[in-house]
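Visitor: One letter stands for each residue in the lines below.
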Amino acid sequence: MTENRRKVVVTGIGILTPWGRGINLFWENLLAGKPVFKEVSVNTTPLPSKLGGEISEFNYEKSNPLFERGNKFCKLSTIAGEDAVKDAKLSPSKQDFSKIGIIGGTALGHPTIKQYGDMLDPIRSQYIYSHVAVGLICVRNKVKGPTFTICSGEASGSYAVGWGLEFIRSGRCNIVIAGASDVLSRTAYLHYASLEELSPIVEAEEKCVPFDKERNGLILSEAAAYLILEEVEHAKARGANIYGEIAGYGSSHDTDSSLGGIDPTGKNLELAMEYALQDSLLDKIDIDAIYAAANGSKKLDAAEATSIKNLFRNRLKDVSVSSIKSIAGESLSAGGILNIIAALFTINQDLIIPIVGFEKADQGLDLNYVSNSPRRAEIKKVMCNSVSYGGNNVSLIVRGI
Amino acid sequence: MKRRVVATGIGVVSSIGNDQDSFFSSIKTGVSGIREFSSEDFPNYLCGKDEPNQAGWIKYFFPENYFTKEEIAQVDYPTLLILKAVEEALKDSKIDYKKKRVGVLLGTAVGLRPPYVRLNPSLKAYSRGDTSFLPHPQPYQSCFMEFLIETPVEVIHKKYSLQGRGMGITGICASGSITLCLGMDLIKNNCLDAVICGGFDFFHPRQNRLFSHFKMLTKEKCQPFDRNRKGFQLGEGVGVVLLEELDNARERDAFVYGEIKGYGITNDAFHLVIPSPLAVEYAQAIDSAVKDAGIDIDVVDYFCPVGRGGIDSDLKEVCGIKRALKDKADKILINSIIANTGYALGASSILNFINTLLQMKEGHIYPTLNLENPDPKFNLNFVMDKPLSKKINFALVCSDGFTGVNTALVIENLNQTQGV
Numbered sequence: 017m018t019e020n021r022r023k024v025v026v027t028g029i030g031i032l033t034p035w036g037r038g039i040n041l042f043w044e045n046l047l048a049g050k051p052v053f054k055e056v057s058v059n060t061t062p063l064p065s066k067l068g069g070e071i072s073e074f075n076y077e078k079s080n081p082l083f084e085r086g087n088k089f090c091k092l093s094t095i096a097g098e099d100a101v102k103d104a105k106l107s108p109s110k111q112d113f114s115k116i117g118i119i120g121g122t123a124l125g126h127p128t129i130k131q132y133g134d135m136l137d138p139i140r141s142q143y144i145y146s147h148v149a150v151g152l153i154c155v156r157n158k159v160k161g162p163t164f165t166i167c168s169g170e171a172s173g174s175y176a177v178g179w180g181l182e183f184i185r186s187g188r189c190n191i192v193i194a195g196a197s198d199v200l201s202r203t204a205y206l207h208y209a210s211l212e213e214l215s216p217i218v219e220a221e222e223k224c225v226p227f228d229k230e231r232n233g234l235i236l237s238e239a240a241a242y243l244i245l246e247e248v249e250h251a252k253a254r255g256a257n258i259y260g261e262i263a264g265y266g267s268s269h270d271t272d273s274s275l276g277g278i279d280p281t282g283k284n285l286e287l288a289m290e291y292a293l294q295d296s297l298l299d300k301i302d303i304d305a306i307y308a309a310a311n312g313s314k315k316l317d318a319a320e321a322t323s324i325k326n327l328f329r330n331r332l333k334d335v336s337v338s339s340i341k342s343i344a345g346e347s348l349s350a351g352g353i354l355n356i357i358a359a360l361f362t363i364n365q366d367l368i369i370p371i372v373g374f375e376k377a378d379q380g381l382d383l384n385y386v387s388n389s390p391r392r393a394e395i396k397k398v399m400c401n402s403v404s405y406g407g408n409n410v411s412l413i414v415r416g417i
Numbered sequence: 016m017k018r019r020v021v022a023t024g025i026g027v028v029s030s031i032g033n034d035q036d037s038f039f040s041s042i043k044t045g046v047s048g049i050r051e052f053s054s055e056d057f058p059n060y061l062c063g064k065d066e067p068n069q070a071g072w073i074k075y076f077f078p079e080n081y082f083t084k085e086e087i088a089q090v091d092y093p094t095l096l097i098l099k100a101v102e103e104a105l106k107d108s109k110i111d112y113k114k115k116r117v118g119v120l121l122g123t124a125v126g127l128r129p130p131y132v133r134l135n136p137s138l139k140a141y142s143r144g145d146t147s148f149l150p151h152p153q154p155y156q157s158c159f160m161e162f163l164i165e166t167p168v169e170v171i172h173k174k175y176s177l178q179g180r181g182m183g184i185t186g187i188c189a190s191g192s193i194t195l196c197l198g199m200d201l202i203k204n205n206c207l208d209a210v211i212c213g214g215f216d217f218f219h220p221r222q223n224r225l226f227s228h229f230k231m232l233t234k235e236k237c238q239p240f241d242r243n244r245k246g247f248q249l250g251e252g253v254g255v256v257l258l259e260e261l262d263n264a265r266e267r268d269a270f271v272y273g274e275i276k277g278y279g280i281t282n283d284a285f286h287l288v289i290p291s292p293l294a295v296e297y298a299q300a301i302d303s304a305v306k307d308a309g310i311d312i313d314v315v316d317y318f319c320p321v322g323r324g325g326i327d328s329d330l331k332e333v334c335g336i337k338r339a340l341k342d343k344a345d346k347i348l349i350n351s352i353i354a355n356t357g358y359a360l361g362a363s364s365i366l367n368f369i370n371t372l373l374q375m376k377e378g379h380i381y382p383t384l385n386l387e388n389p390d391p392k393f394n395l396n397f398v399m400d401k402p403l404s405k406k407i408n409f410a411l412v413c414s415d416g417f418t419g420v421n422t423a424l425v426i427e428n429l430n431q432t433q434g435v
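Same order as they appear, the protein sequences are chains A and B. All residue numbers for the first sequence refer to our numbering, where the first residue is 17 and numbers rise by one. All residue numbers for the second sequence refer to our numbering, where the first residue is 16 and numbers rise by one.
It should be emphasised that the hints constitute simulated quantities derived from the structure, not laboratory data. No false leads were mixed into what you were given.
Derived Cβ-Cβ restraints for the label pairs, each shown as a range:
hint, chain 1, residue 1, chain 2, residue 2, range
1, B, 50, A, 139, 25 to 33 Å
2, A, 105, B, 75, 55 to 63 Å
3, B, 176, A, 216, 30 to 38 Å
4, B, 400, A, 74, 55 to 63 Å
5, B, 79, A, 84, 47 to 55 Å
6, A, 20, B, 268, 34 to 42 Å
With a straight-line cut-off of 25 Å between C-alpha atoms, the simulated PhoX-like cross-links for lysine-lysine are:
hint, chain 1, residue 1, chain 2, residue 2
7, A, 23, B, 203
8, B, 173, A, 283
9, B, 341, A, 115
10, A, 130, B, 139
11, B, 173, A, 315
12, B, 17, A, 115
13, B, 74, B, 234
14, B, 43, B, 74
15, B, 245, B, 64
16, B, 203, A, 115
17, A, 283, B, 174
18, A, 23, B, 17
19, A, 158, B, 337
20, B, 173, B, 84
21, A, 50, A, 376
22, B, 173, A, 314
23, A, 229, A, 66
24, B, 245, B, 401
25, B, 203, B, 115
26, B, 115, A, 283
27, A, 115, B, 276
28, A, 23, A, 252
29, A, 66, A, 315
30, A, 54, A, 314
31, A, 252, A, 158
32, A, 283, A, 325
33, B, 17, B, 203
34, B, 139, A, 66
35, A, 115, B, 337
36, B, 113, A, 283
37, A, 325, A, 396
38, B, 306, A, 23
39, B, 346, B, 376
40, A, 158, B, 306
In this text, a Cβ means the ideal position worked out from N, Cα and C, and glycines have one as well.
Sequences and hints are given; from them, build the entire structure.
Guide: Below, the structure is given as structure tokens:
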């Protein structure tokens, strides 16, 4: 059954990051290793955290009022989603748009407190729901397949890709537009500060260095990223540009972590990675690199390093471990999609993005980290992890075509 | 071997009853949960002059009857309502959730909105940037967890130590039925043994003002499919259905309410708020659900639409039904419970589903409340005046809503002995 199941490839990418619009900007800046963080315009007082990756201005074609009236969250998602559609060269005259679905994801959506104000304004109130971002892409591009939005914290983006995979494999869709977006807000800063995850947790320099011994929390960033997932034969038949294959995914849920917390043993993340390997019919030996979910958080990074260590055991030195979050920041739900995009480029160019500022790992958690400058190596299969505070673990495996 | 998905547990909290029995007996006797609200019920809220001050909100839910003091202190009020429904569904199905792979899918249109009483002190502290500003009792680590759709999912996971995955989902008004569709896929693909599928949405007076601005609400009674229909009232509620694999259910000798045979989800791609008048996609959702189920559309005896009582939305649904069922459309039996419960957004589709399952179990179809003179243009077989005794073999449950999402589910009655 698994041998003749449908293969899923990525044929389009739309991305909007603090660096700007487009995949090349994203990849070049990742390679250059210049962190995206600047002082943000969001009011963060009295928190010590001032940095973030903010999309301060974004260029977009002047459009109809439906789009213009939307809030930032809707606009970012729509731009990224439509860029992906354009990148894949989909058009209603050539494809059956009732076989195209959209699965969105978001952790916080439109900032909670603003929602209460927006509810009283008839125009703005149409845009406060998390699903409207997907709805806008539907209405503007006449996409008529299944649509829904996943709200599972930081793992939402990866879940969206996972569901897309299942929708295509089961034949419900030929194409799925899967992605996620999240915006910066005072809500987000206060939320992560109360979870004691925002850098600096204690009085120290504000920085984001995943897996480093001196790490002191995450730095938030905003991004919107959408992928076009397509059945491989369908893509070949229409001569689409294929970036790579999503080989499989696995997910698990923590049973014993506290609300908003991380399971310190990493057992469930290990399980998710194992499921992903099973799902993609691969073995541990096949994985060349891992883009981790680690974002500089004390608990999450240690848990993830432990789970990778327990899973790969004697093969640890062959698996390069890295996280793009020292450069791109914690983009919440979009982070999972950014990992996949980075993995696609990594496979294509045989370069692994490093952890900038990395010096020394935790005791006993010395993995094969890629530190400070891009590593050149032959990469065929990359594992991308996503972990949400609260206990969703998702692992995806990306493979070259 | 093909895995089959059945519903074995039901849990409800609604404006017309806080459990399955009282919910269904209110539908049987034609009780409406739509009642007036005032600024006493929702402090700090002044109702606009032209704004209908009626809604199907849950007035009589007392957490003390269901939970211990410790539990009440740990969880916020809306999540308690969800927990109550989940508990009822699990008990109803008698599933051993510790031994099976059980997951949770919760759907909602709006998400959690803490009541003003709780929100007010939080907002003040929020403006100060206080990160330890939770009002007492203090359930979570961060105040914003009271807003996240993910939070009730996590709470359920922690309470029952479930092993399967948990996800919050939103598809606006169709959220509840989307969780059922996805839950069915998860069980069919052997990812899980059982899924707790739920839809919820809570009434918020600001939501009322918003809907009233769009002229969707009415001060008069809600009359679905009636010639004089003017609009609807908002409602709130939680509906939870436990889906599981058929063999598991048979092994345990559990009562099977019905089998989900297939589903279809489509999108209008027409307008954010206005439903597509031709309802082509609505019909397409029904078509693909029927195709997915592998049945002939003629065998469907009962159809459960949303039936809000909105002027355009009822028209769209009727158009869709006629388009999908063609000349069989006037034979199929139709009713709606929105006049009882109020339009509960994300929960409405799952409450409809529950209503269908319960009618299936009883072998009766109950009349639509307040439906007096069906719109002559519609010309469909609406159940009116008195209950109809009828064995439902196959039922279609459809929903549609904001942003144009349409869903359709086909349910088969597996109990041969019931009905007439």
